[in-house]
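If you're matching them up, the sequences are chains H and V in order.
Just so we're aligned: the first sequence equals residues 1 to 143 in full-length UniProt numbering.
Just so we're aligned: the second sequence equals residues 1 to 143 in full-length UniProt numbering.
To be clear, the hints were calculated from the coordinates, so they are not data collected in a lab.
Glycine included, each C-beta is placed from N, C-alpha and C at the ideal position.
It is possible that some hints are incorrect.
[As the list claims (entries may be wrong)] What the simulated footprint calls covered on chain H by chain V, stretch by stretch (three residues with Cβ under 8 Å from a Cβ of chain V suffice, anywhere in the stretch; the number is not a length):
1) 16-27
2) 58-66
3) 74-85
4) 89-100
There are 2 protein chains.
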Amino acid sequence: MFTDEYFMKMALQEAEFALEKEEVPIGCVIVSNNQVIARAHNLTEALNDVTAHAEMQAITSAANFLGGKYLKNCTLYVTLEPCVMCSGALSWSQISKVVIGARDEQRGFINKQLSLHPKTEIITGVMEHECSSMIKTFFKSKR
Amino acid sequence: MFTDEYFMKMALQEAEFALEKEEVPIGCVIVSNNQVIARAHNLTEALNDVTAHAEMQAITSAANFLGGKYLKNCTLYVTLEPCVMCSGALSWSQISKVVIGARDEQRGFINKQLSLHPKTEIITGVMEHECSSMIKTFFKSKR
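Kindly generate the complete structure, drawing on both the sequences and the hints.
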């Protein structure tokens with residue numbers, strides 16, 4: 001039951017919430033022992049704040065839940081590959097695993113040759129089609 | 001009067017506030033038209049939050065002051081070279097100028113071959129000695 005797809009669907013639901021607010025539709029959840037301890041979606045427009053990416057909010061929220069700043073034994077599920085800022089935050093958090101839906105060739109951290117914490121496992125391509133089509137549809141509608 | 005040293009001294013004062021709280025002593029200010037519109041210091045321990053770097057807080061605070069998320073015509077003065085996370089946030093903010101005290105060869109963005117926004121001017125080495133000795137003294141005292 002608790003597959004990567006199960007939690008990525010929740011991240012996609014968060015992205016839907018962003019879409020409803022006309023935000024760039026990116027969502028994520030952080031899971032510890034199969035329990036969702038944080039969920040967030042992009043709020044840069046609503047909050048007028050470039051730092052309000054889904055991942056940044058979820059990292060703060062998960063640390064608050066855990067009562068400690070390191071996200072050991074935690075997995076982030078995110079619909080789009082994290083940017084430089086979010087990859088830096090994930091690296092500081094020492095999170096155990098990051099599961100990515102769609103790749104972001106231009107702004108994602110992977111093509112910038114950045115790495116996360118040495119202990120962090122990275123998986124890409126989970127529900128890639130659904131994750132990527134949500135973003136693509138959004139940007140097409142904006143043109 | 002409004003020299004780079006003038007504002008870097010304020011950033012150093014912020015770093016002092018961090019030091020008093022036993023945080024890694026890094027401080028910054030954001031200036032627009034010679035007016036300080038945000039000042040912050042590292043609070044990762046107090047807030048239990050890896051994202052609570054001085055620069056992240058100042059970016060959010062400056063955008064709040066300006067009522068818009070882009071920090072055009074703004075200058076950040078920061079005692080230590082920004083990390084990957086903070087450089088990503090600065091890049092999204094399209095800030096006009098970043099003035100750095102001490103370099104951070106290991107964790108700073110420059111040696112990671114990252115760049116800020118194409119419009120952002122970067123100056124390093126302002127009050128380098130004072131900025132670097134504050135950090136070095138802190139880490140020596142921790143060993």
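Quick rundown of the hints versus the structure:
Residues of the region 16-27 of chain H with a Cβ under 8 Å from some Cβ of chain V number 0, which does not satisfy the need for three, so the listed coverage is violated. Coverage of the region 58-66 of chain H by chain V holds. Counting CB-CB distances below 8 Å, 4 residues qualify, and the rule asks for three or more. With a threshold of 8 Å between beta carbons, the proposed coverage of the region 74-85 of chain H by chain V holds, since 3 of its residues qualify and at least three are required. Beta-carbon proximity to chain V at under 8 Å applies to 4 residues in the region 89-100 of chain H; the threshold of 3 is reached and the given coverage holds.
In this structure, only the earlier hint numbered 1 is contradicted, and the remaining ones agree with it.
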